[in-house]
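Residues per chain, in single letters:
Protein chains: 2
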Amino acid sequence: MRFNARFRTSIRKNEYPKDFAHCYGCGRHNEDGYHFRTGWDGNKTITVYTPKPEHTAIPGFVYGGLLASLIDCHGTGSASLALHRKNGHEPGDGVEPPRFVTASLRVDFMKPTPQGVMLQAVGTPEEIHPKKFTIHTEVYAGDTVCAKAEVTAAVMPASFTVKK
Amino acid sequence: MRFNARFRTSIRKNEYPKDFAHCYGCGRHNEDGYHFRTGWDGNKTITVYTPKPEHTAIPGFVYGGLLASLIDCHGTGSASLALHRKNGHEPGDGVEPPRFVTASLRVDFMKPTPQGVMLQAVGTPEEIHPKKFTIHTEVYAGDTVCAKAEVTAAVMPASFTVKK
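Just so you know, the sequences run in chain order D and W.
Per the working numbering, the very first residue in the first sequence carries number 1; after that it's consecutive.
Per the working numbering, the very first residue in the second sequence carries number 1; after that it's consecutive.
No lab work stands behind these hints: they were computed from the structure.
One thing to keep in mind: the hints can contain errors.
You can't tell identical chains apart in this list, so a pair holds if it fits in one copy or across any two.
[What the hints assert, rightly or not] Once the Cα atoms are required to be at most 25 Å apart in a straight line, the calculated BS3-like pairs of lysine-lysine come out as:
| hint | residue 1 | residue 2 |
| --- | --- | --- |
| 1 | K52 | K132 |
| 2 | K148 | K131 |
| 3 | K148 | K132 |
| 4 | K131 | K52 |
| 5 | K86 | K52 |
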């Protein structure tokens, strides 16, 4: 799988406002979290992550819940990027991106995922409703597709910000 | 949701051999992991977990990847319990249970999951093949179903234990 460093200009890293930066998956202010970042590579969305030694299922293989977490955050980040682009914006232009939540997550585990390898989640966003996107995702370890997934993400409802 | 303490005699906690006890989700030897334990409550399988403060999505709500991880480990643990029972065994009888891996995971997020509440994943195992079970799962926060899920788990192939 080709790796393109351009995606590192990331919506996740730089652009969400502080109140939304506590996510265990992608929040820059969550010291214990994964710090996933999702960005564009052409018309694909990409998130990379190298699992830590503790993210093991059995020795040598990555824990499925880590893959699900990567796919989940990749999905919401990709939906955010897609709607932001549809609205005429790109990461870095100073406009706050829309915020999404996961409606559903489907993961098919294709191959055991080896430890010690950088993983790449590569997504194709599909608009299925003005406020809802499905992200078709493959997770690569090197050239091997270890998981295929679909995440449907919806624009975050206002009720999510009532409780703090 | 009724909570029944009987399930605490857990297959996950006590019975997997040491080589299989490193899982980030359920392994007793993974110091950084969740230490999920899954047991029977009648014909249902139950896993309980109270998310830590860092397992947040946005302040006040639990991170979806944590729920996916809980559901994933609940699914494989439940499949293990179900086949073990089919084979005439119960946790604590000294016979090593079968070990499962996740084939697929589907989660529908029904409601935002509040922080600070003990979560209960409650599963109904369905045998779909002699070596494969689908676990139909609901995750409760108090009386609220926050997620519905299906995990299909397969008996661990020998190839998983080649690499260590």
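How the hints compare with the structure:
In this assembly of identical chains, K52 and K132 lie within 25 Å of each other by CA distance neither inside one copy nor across copies; the values are 32 Å within and 29 Å between. In this assembly of identical chains, K148 and K131 lie within 25 Å of each other by CA distance both inside one copy and across copies; the values are 23 Å within and 22 Å between. Proximity of K148 and K132 under a CA criterion of 25 Å is satisfied in both settings, with 20 Å inside one chain copy and 19 Å between copies. In this assembly of identical chains, the alpha carbons of K131 and K52 never lie at most 25 Å apart, being 34 Å within a copy and 31 Å across copies at closest.
Taking identical chains as interchangeable, the C-alpha atoms of K86 and K52 are never at most 25 Å apart, the minima being 35 Å within one chain and 36 Å between chains.
In terms of the numbered hints stated before, the structure departs from hints 1, 4 and 5, listed from lowest to highest.
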